Every structure is written in C-alpha cells, then in structure tokens.
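Undergrad: Construct the entire structure; sequences and hints are all you get.
Residue numbers (full-length UniProt numbering), protein chains in the order written: chain A, 1 to 687; chain B, 1 to 682.
Hints listed in this document are in silico derivations from the structure and should not be mistaken for laboratory results. For clarity, every value in this text was computed on a predicted model and none was experimentally measured. Watch out, some of these pointers could steer you wrong.
What the hints assert, rightly or not - Once the Cα atoms are required to be at most 35 Å apart in a straight line, the calculated DSBU-like pairs of lysine-lysine come out as: (1) B/LYS401 <-> A/LYS82; (2) B/LYS290 <-> B/LYS379; (3) A/LYS446 <-> A/LYS500; (4) A/LYS43 <-> A/LYS55; (5) B/LYS379 <-> A/LYS81; (6) B/LYS507 <-> B/LYS85; (7) A/LYS43 <-> B/LYS379; (8) B/LYS290 <-> A/LYS81; (9) B/LYS85 <-> B/LYS5; (10) A/LYS258 <-> B/LYS24.
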Amino acid sequence: MTNTDLKVLELLFQRPLEPAFTTRDNGKTVLELPDSFYTDRYKAESDQVGNRFSKNVDVRIPVQELASVPNLDFAKPLGPKKQFSLFNDQHRNIASELITLFMNAPNLRQFVSLSVFCKDRLNPMLFQYAYAVAIAHRKDTTEVPITNISQVFPSNFVEPSTLKDGRQEGSVFGESGDRVPVAIPRDYTASDIEDEHRLAYFREDIGVNSHHWHWHLVYPTTGPYEVVNKDRRGELFYYMHQQILARYNAERFCNNLKRIQPLANLHNEVFEGYFPKILSSVNNRTYPGRASGQLLKDVDREDTRITIDEILRWRNRIMDVIDQGYVEDTSGQRIPLDEVRGIDILGNMIEASPVLSVNMQLYGNLHNQGHNIISFAHDPDGRHLEEFGVMGDVTTAMRDPIFYRWHGFINTVFTKFKSLLNPYNAAQLGFEGVSVDYIEARIGKKGTTPNVLATYWQNSTVDLTAGLDFSSATNVLASFSHLQNAPFTYTFNVTNNGAKRTGTCRIFLCPKVDERNMALRLEDQRQMAIEMDKFTVDLVPGVNTIRRQSTESSVAIPFERSFRPVGANYQPQAADELARFRFCGCGWPQHLLLPKGTTQGMVFDLFVMISDYSQDSVEQPNTPNDACSTAYSFCGLKDKLYPDRRAMGFPFDRRLPNTYLNEMVDAFGNMARTDLRIQYTDRTIVK
Amino acid sequence: MADKKNLLLLFDHPTEPVFMDKAKTVFDVPDSFLTDRYRPISNEVQSRAGEQVEQRIPVRDISIPDLRIPMSLGRDEQFSLFLPKHRRIAGRLIDIFMNMRTVDDLQSVAVYARDRVNPVLFNYALSVALLHRPDTQGLDLPSFSQTFPDRFIDSQVMRQLREESFVVQPGSRMPITIPRDYTASDLDPEHRLWYFREDLGINLHHWHWHLVYPFEASDRSIVAKDRRGELFYYMHQQVIARYNAERFSNNLARVQPFNNLRDSIAEGYFPKMDSLVASRAWPPRFENTKLSDLNREADQLNVEIGDLERWRDRIYEAIHQGFVMDERGNRLALDEATGIDTLGNMIESSILSPNRVLYGDLHNNGHTFISYAHDPSNKHLESFGVMGDVSTAMRDPVFYKWHSYIDRIFQEHKSRLPAYTDAQLNYSGISITGIQVAANGGQPNTLTTFWQQSDVDLSRGFDFLPRGNVFARFSHLQHLPFTYTININNDGGAQRFGYVRIFMAPKNDERRQPMLLREQRLMMIELDKFVVSLNPGPNTIRRRSTESSVTIPFERTFRNLDANRPTTGSPEELEFNFCGCGWPNHMLIPKGLPEGLQCDLFVMVSNYENDRIDQQLVGRCSDAASYCGVRDRLYPDRQSMGYPFDRLPRTGADRLVNFLTPNMSIVDVTIRHDNRTVPRQN
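TA: Pasting the structure below:
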C-alpha cells in the first residue's frame, strides 16, 4: 500500500502549477482523480483532459476519494496568483491553518488524497510550503524526500531565460539525444560598476537561497504548537543568521569591500539598488527592483500596515529589556534574560514567532516587519498593484544586498545582549589536561602545502523538469557555475594527560585583519568567526591524532546531491546510502564552506578548541535513528534536542578574557590556531 | 516562384526555430541555412509535426549577404528604435531586405536571418521592407499584438494562456480575460486613464505609425515622405488633444508638460509586462524619479541632460529668428508652407533634419532618457522602460507629459504665424444652416460611450506549445455609432465641391469655465474630413462615424483576418488591404462623463478647389489619411494639418462662436458615459 502513496507524495512536488491530472515523472506517471477532485474549470471536460494526459503513460495511480471534503475558505484571501510571503501575518495564519489540516489527516492515504485535492485549489507556493512542512513533521512521511525548492520553483532561483530555453530544448529536441544542458547565465543582475555585485556569487547562489527556505521550513513561526516549539529555535534563529553575516563579511573582505553597515536608520535612503530580474512562476511577474537611493515609507496596503515609528518603538522596547535584564510576558510576569535562556527568548521575540514570543503586543514583530517594509518600498500603498520585492520571500531574500544590512541591524540587537553577559571564564573555556599541539588543514592530494586551501569555480548540472510547468519537456537539464573549494582534511595532534575522556572539537575560521588592514582585536574577531565544524572526539591517554574531512562538516550539506533528478528511480537502494541521500535539505551548501579568498591568497586564523564534553553533552529524550543526516550546527536535529549544551557559537558568542586571539590560545592548552591561506583561482571546472 | 504570402508565415511564433511548423505549413530549409545547434535534428522535428502539415514551402539555397551588423544585436536583447545604435542595425537589415532582387531571394534571406537576428528587429525590418517593396504590396501583415502579445497584455494573462493551450484541446479552450485594472489601483489618479494608455489599438496605431514613417534608413525615399515632419507634429498633437479630453472625462486637469528636465517625475508606472524575447520584465519607473545623464557603454550612449537643454534652446532660437541653419550654414526660412515640416523632422529628429549636429535629436532622446531613468549607467544591467519602445510608450503617463512639452515647442512656431484671415477661412456662397449628430434612434446631439469586451487570438505569439487558437478577452471603450447630418446651402448656380472638416473639443476647462479659443483650439480633436459635392440650393449631407478619415475599423486594428476576409480579388479585398496605421475606431470620441461632458462640435466646409491634391487614391488604404497620410501619395489636403485650428485665431475671435464664418457652424454635444460592459457581437 504505502509504496504508491509515498510515490504520489513525491510527485506532488513536481509541476506545482499544473493541475494534478497532468503527467508527472517525465511523462511516465499520471494520477487518476475521482471526478469530485476536478476544479470547476475542468469538471465539464474531466474525461477529455483526463484522457489527454493518460494516453502514453507507464503508471496510473488511482487517488482515493476524500472521507470529508475540507473547507478551504480560510485560504481565500491568498488567491492562486498572489505572491506568498512567510513574513506576512495574514499569509502565515493561512499557512498555519493549512499545516494543521495536513497534520490532522487521519492516515497516510487520506493525507495523500487531501494533498491532491488541495493542490489544485490553493495558491501554489502556499501549498508547497505547508505541504513540505507537513511531510517534514508527519510521522508517516519521514521516508518521503522533500524535493529541493530550487527544483520545484526554479524560476525563483535562476535567470528567467533559462526556463524559456529549457522549454525550447524540450519542445524542439523532444526525446532525441542531442540535447545539451541549458546554461544559466552568471552576472546578470548587475555590472561591475556596482560594487555590491562582487558578492553576487554568494547572494544569488542556488544553495544559499534554498538553505534559507529550508531553514524556515524546518523552523516555521506559526502552526501547531508541537511543530513550532522546537528546542532552542529562537537561539538558532539568532545563530544561523549571525553566521550568515560572519560569512558574508568574510566574503566582503575577500572582495575588497568593508563590512556591511547595519540598517540602523530607517529614515535614511537605502543606497543599494537591486534589480532581481527573476520571475515568479506563480504570478508570472518579475520580482520588483529597488532603485538606488530609495527611501523607506510607511506601508499601508490591504493586508499589511507598518509604520517606521512602530518598528522603532519595538526596537527601543527590546533594547530596554536587554538593558533591564528581563522581559514581561502578557500577564505582566517578569522573565529574566539569563545566560541560559535569554538568547532563545530574544530570538523568538525578535523574529517574531506569534506562537513563542513572550509578548507580541509589547515587543512586536521587528524582524519580519523589517523585511516587509523594505520589500514594499517601491509601492508602499499598493497604488501600483505591485507585489513585494525579493525581501518579502524567504526563497529570494538573500539575493538582495539589503538583506545583510537588515540582518546586520537585527544582529546588533542580539550582540548588545550578548555583550552584557559575563565574559567566559577559565573554567568554561579550559579543558584541564588536554592540549592541542598541532593543527593543520591540507588539501587531500599528494604534494600539497599544509594550510593552503583552494577555491575556484565549478560547473554543475541541475534538473529543472519538475518545475517546468505547462511544457511537455522531459529531462531538462541546466548548468550553472558556483564557487567550489578543494576538499581538505584537518589533522590535529592532541595530548591527553589524563584518563580516557571525550571532548567536543570546535573549528572556526576568522579573518585576521579588518578593512583598514589592521589586526583585528579578539572582541571584533569573535563576531566574525565562522563555524567550520563541530564533532565529538574520544581521547585516549597520550597522543591522539584526529583527522576529519571537510566534507563531513556539521555546518554544510553536500548540496550538489540535491540536484539529482527527482523521482524514485534515481534514489540509491542501499539503506545507509539512502539515509545519507535523505539529508533534510537544511544546511549550508558545501561548495560555500570556505570564503572565496583572493588570488594572492587571503590569510585567516584557523582556530581549534577541544572542550570538555561533560559540559557539552545533551541527554536526548528519545533516540530513534536519524531520519536524515543534516547540518545540525545550523539546523538542529530532527525530533531531537540541539546536540550541544553550550550556547551556540561558543566560545565566540560572548566576550573573552583576552585582547588578541593568540593570547587566548597561549593561555589555554586546549586551543590552537594557525595561519590558513585561501587561494582563489579564476578558472571553471566542469563536473 | 515563391508566393509572397508565405513571407507572412515568418512572423508567426517569433522565437521558435524557422523549421518548426506554422499554420500547418513548413519551410523546407536548406541544410546550410540551419544554425549549428539545430542542423542535426531539423528533419526529425519536421517529421514529428508531419501529420498536421498540409503544405511544404521550398526555400532556395542562395548565397546570403553579410548579416554581421544585424546579428550584432543579441537575440535576447531589447530592441529600440530610439537608440541610434539599434537604428543603424535596423537600417542595415532593411537595406538587405529591400535589395533582394526577387521575392524568392527575399524569402531565402529572411528564412536565413530569422533564427539569427533579434526577433523584434526581424519583425520590424521585414515589416518595413514588405511595406515599401513594390513586389510585396497588398500583404496583410499580422497584427504586432498577435505576434508579440507580451508587449500588449498583462504577464499573468500570458501565463494563463500558456496553461490553457497546454491543458485544453483547441476546441474547448476558453478566452482568458485580461483584467481591466492590473497596472495600478484607483489610489493612483493617473490610473483613471488606463483604458486609453493601455488600449491595444492605440499602442498598435503608434507602432504602425512609426513603421510607416521611419526616421532613418539608408534608402532616403523610405523616410522622405510628403510632409512627414508635419505629420509627426500633427499626429502627436492630436494624441495630446485626445488625451486631455479623456482627462476632462475623468475629472483630471490637462497634462502638465515636462518642461523642466531637472524636475523629478511624480508619476510612477509599473507596466507588469514581460518581454518574451529578453526574458525580462519591462522595468518600472518608481515615483519621483529624476532623469540622469546617460552613460551606457553597451548602447553606445553618452548624452547629458545639458545636451537636451542646448538643443531645445537652439530650436527655440531658430523659431524666434524665423529660420534654421543647415549644415552648410545656409538659412532656411521657417515659413507658413514648410516651416512646420522642417521643425517636425528637426525635433523628432529624422534624417531629413536640416542640421542634426546643431539641433540634435530632442524628442528621441527624451524617450531614451526617461526610459533609462532607473538605471542610467547600466550599473544594474537593466533594459529600457516602456518609453523606449514605440509599441509600449503610450502606456506610460509620462509619454503625454513629454509630448505635451514637444508640442509646446511646435506651438511656439505656430503662434508666430499670421492668423487665418476671413478670406482664408470663408467659402463664399456656401453656408451651413444646421448640424446634428445622433446615434441610430438616439437623442440628438448626445453621444454615448460604454465598455465592450472583445476577443483577440494570440496563438501566433505562443511558442513551444501545442498549436491551436488561444483567445484573450479584453475590455475597451466603445461608443454607439452615430451619424452627422449637415445642412449646407449653395447660393451659387453651379455644383461646387467642399471639404467638410469636423472637430470636437470640450467647452469648459478644468475649472468648468468656458474656454477661450486660443486654449480650446489646442484641444480640438479631428473627427473626420471628407469631400462633398454641393448642388445649387440646400443639400443634406449624412456621414457615419464609422467612415471617419481618422480611424480604422476594429477588425483592421486586430486583423482577425481568417474569420471574415473578403473574397480574393474582389474590390473589397483591395479596400481591406493592410495599412494598419489609423486611430482605432473604438476610441474615436472621448469617454465623457456619466452626467455628460459638454463639447462643441464644429463643422466647416472649405473650398475644395483650394485644398485639393490631384492624385489617384483607389485602394491605397487612404481611409485613415488624417493621421497617417496615404501610402505612396501626397497628403490629401493642401491646407496645414489641423486647419483651421493650427494657428492662433484672428483678432476679435476670442471665442469659438466669434470665429465662425458662414461656412462653419457649431452645435452643443454631450458625451455621456454609461458604465456597463457589453460583449462584442461577432
């Protein structure tokens, strides 16, 4: 029974705009719908259209009639051609209700029917979001791989002529073997006179943007309480975005640009213009651009009202509670912002999650409304009937330079809180009897120099067939280039002067100098530290040699893998392979694990620390097999607690006792640092 | 010998490879013509379409002229007539098409070029060539809106149409309705004019006008048409007059000329259309945008606002001195007869300009500056906005501000000419004794407008999809057809000929005060102009609104030719022959107001002996001559365009009623708008 059900669930990620009765799986499979499933448009011709698509298929899967037809009126305000935004209150409420509906489907088969029924009646982006959240959270669908969002809605990720060319390839060449992958152009959003364009390879990376979507899929702000309320989700909101900024700033240094300026003054002109050029397939409109020098204005639209004043009020109240050290919940109770829970409370409050914020009335909706006010700057009162810009959509927000300025501002609020906590002391930082004697990172080839790593461009291929709606094209491939780093291996020599014990190995990469070429003090440097990996090590007495591959990073996922063609035929069969294949999709793309570096080679501090596992370990309440391997540093573990008791970002999340990094490393035997050079070569490797 | 009609198939499905089937026909493309990409598979593709193909067209393998210049514009770039670089490229391709010796050779080179040059450039150059080659006369070019529907309709509708043709069999497809209010909401007062600015027919007219009157070509005869400079002035002056009447019909003041290039443009405009060729949206203009100096390497553009201001000042100086200076330093007088024509070519400018170095390229550059205001340095790799393209420019409110300004310069010249004297106006012995206008069975002197929904087939513009018609249903203004009844007395003893000239203008200004004629004359809309023979004694002339010399009928605008074209070879077919240029008849009169817009309807009979141009006019699509002239002929009226309102009124004639000589008359007309939507009866 379950096999076909799971297959249907997978197929629903394909052709998000086409009616459910068209073919899927490269034209091989068709769903046989009960008559009641046809929408009014196709009801009269259900035989005709049904036959039209079931002619040359291999597999026909009947879909069961629904036990009770759901009332979908709640979703009416979000029409099928509107843009769906997770930052919009109304949209989130609708999504929340839909997630609840999906979660409550009594069994797998009814969930299948419900999904098929809803698909043709709801906004396609809303459906795909709520549907993916349900697949990720239902107990009976853990085996269904969630198709990467960039394959479901490729138009949100790639230059629009790619899709036209893909349709053309499919239509002209048919099944004949002469087809070549369509090339996705680079450097199409701006030219080199725009300084910010130097970061386009980062901001417009398919992996970066699908990671962002996926993170928000795993950590929705609304929905059933048990779906929203995950362990330390508020803290993770802070940390994941803080790390994105650290990475972005390091990339800026690699491109001779200074750190981003936080968007602290909402009354100033936004000098970065951005013209996304990508086209939403849902409404067939191009995401609106923002001209250079745009002023933000109060938004007064049918479904969104925001004033700059209220955003500033929320910011001030949040700053107040940080200085006071406690927040007030809706019943007036004071909740302290302490070392353990404070950052988590703030994260949920600032993001803000209506389910988890301690007091939304008082502390508002700072982060989301910032996205909204920026995304509507071009048409604040809706007179031009324009939808939001890329900042209004989690699949696209990271393309815009302003994303990093807005999150830079959000991060200054968190940083303010962290800076008021006591500096870490020796007991917290040290690991008595453990010393890290030698560290290196080296490319895994013969004859390589230690601590010199390499970046370059790579051409990869992605299958766009699933998202190519209203086209009979099959197996449409597109190639794109992205930054890549040569895989490397860490080798650490660690002496354990005590009994056998366990430690947590924490690896960070930090820029050494600032934009003035002055050495960074630890207080600045710690805020730019990039987490590279984190893993548990067993230390036997005496000398231990630890080796770790860069591809094992707890931060990243092997992103290329998600570009495989969609469908059961392409999945590996062996159980362990399968588990690895089903990484949850959330995670920093492996190909951006390292900053780009420079052609001359840019020198970083590689920092390694082994902390005392007895202070790190977490008692997991239930330990089923991992449903999927994941980048837990950024994404947590599915159905489990966050697997590190320390504050996220430890030890760099708070002030530290020393002025410079090498002073700290000298003071603590369980830490080590070395210079690491990242050498960038401007050539493209075809995979 | 190739059938010239087959050339028209090359317009269909503009981005598909040329060997794919078109209307059950395929071109047998020589292997050497195929692009490298498609050479291996063209046979297979054609055989796939095999069952439906009813006709195969042989294409001769000839040696192909050098296409490097036309191919230097990328296939996915936006093509604009306002960019000098693009004009040179287009000029080269037009030359190539014009110079092919036979229709056969033209077909070969066009087939070869189609998969290699930019699709819009191809359409433009081939259209110009077919219009101007002697051996391709009498072809019905498909409507530009059907080949490139993406330039005329909401991008969302494009998606729905794609869905419809993919999912539903041709017979069961339903028309997709283009929403009425998709570019803005009522919060934007300018949006009240959407039905005018975004009308398919008006934008098609504008595209077509520029096809017929290109301003550059290496074959000078293509440009040097009779009074083309004057027609440039007059056609656009009439557009502004009409636009202002529409504004009064929507409780808006007349459009403010864009007379300070350093001011910000308050009006924003978001076109919400995508260019299929470029895979880009037409960029919007945000509110309060300012113009900036242009420095766009890719377009070979490096122009300052200061350049525009200098050209403008020199043009004003020429007007005030009464002469222009040509390239050799000779003075050319700006006189009553040819002054306006010289100015028109100079301001637009065309290659007929007496001195393009001195007087520059004001009007074209204004379009370019405005269309690039969002990305003047090409920093963001953005293409031009709708103002940069003749098929889309009239959608934008700023088009009318810019052309009001251009018109102001022309009026500066016109206001310096001596007023028409009584003798120049009167037609002695002829008097109008009465005029009336009424819809069939309607109240006299009341005209009625309403909304109509019509369908247009866009399937030619849908590439890489199953074939078959796909219809879009759009709303447009319409009026009840009406008839003028004019009573004219001929006091003489012999039959005489008169030129009847009908104009209309609102009576009151935006403050609801009666207008002085010096103001009102600028708002006079030409409705019709025709020759009558007058017998001695009283004559009653009846003329239908559908016969207007300004407009072309709906069917001609959209050319759903397959449905109801006349039989081949009949005189009607000659009449039906494509011209395309012409104001759409459904926009003949302004919308009016629900409570009625008060207008003066003016009728004059002038002495045809003074006006006539002796030439043969049969079958030359002469029926929209007022704005478009007549193909290959002189402009069929010796008077200045806009006569008698093109100059300031004579002393004493400060109001329209004082202006009248016995051969003129006026009547009060009310235009009432009935806010209901009626489907078109086919």
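Undergrad: Taking the hints in turn, state whether each one holds.
TA: A quick look at each hint next to the structure:
| no. | hint | verdict |
| --- | --- | --- |
| 1 | B/LYS401 <-> A/LYS82 | holds, 33 Å |
| 2 | B/LYS290 <-> B/LYS379 | holds, 16 Å |
| 3 | A/LYS446 <-> A/LYS500 | holds, 33 Å |
| 4 | A/LYS43 <-> A/LYS55 | holds, 19 Å |
| 5 | B/LYS379 <-> A/LYS81 | holds, 31 Å |
| 6 | B/LYS507 <-> B/LYS85 | violated, 46 Å |
| 7 | A/LYS43 <-> B/LYS379 | violated, 50 Å |
| 8 | B/LYS290 <-> A/LYS81 | holds, 33 Å |
| 9 | B/LYS85 <-> B/LYS5 | holds, 31 Å |
| 10 | A/LYS258 <-> B/LYS24 | violated, 61 Å |
Checked against the numbered hints given earlier, this structure breaks hints 6, 7 and 10; the rest are met.
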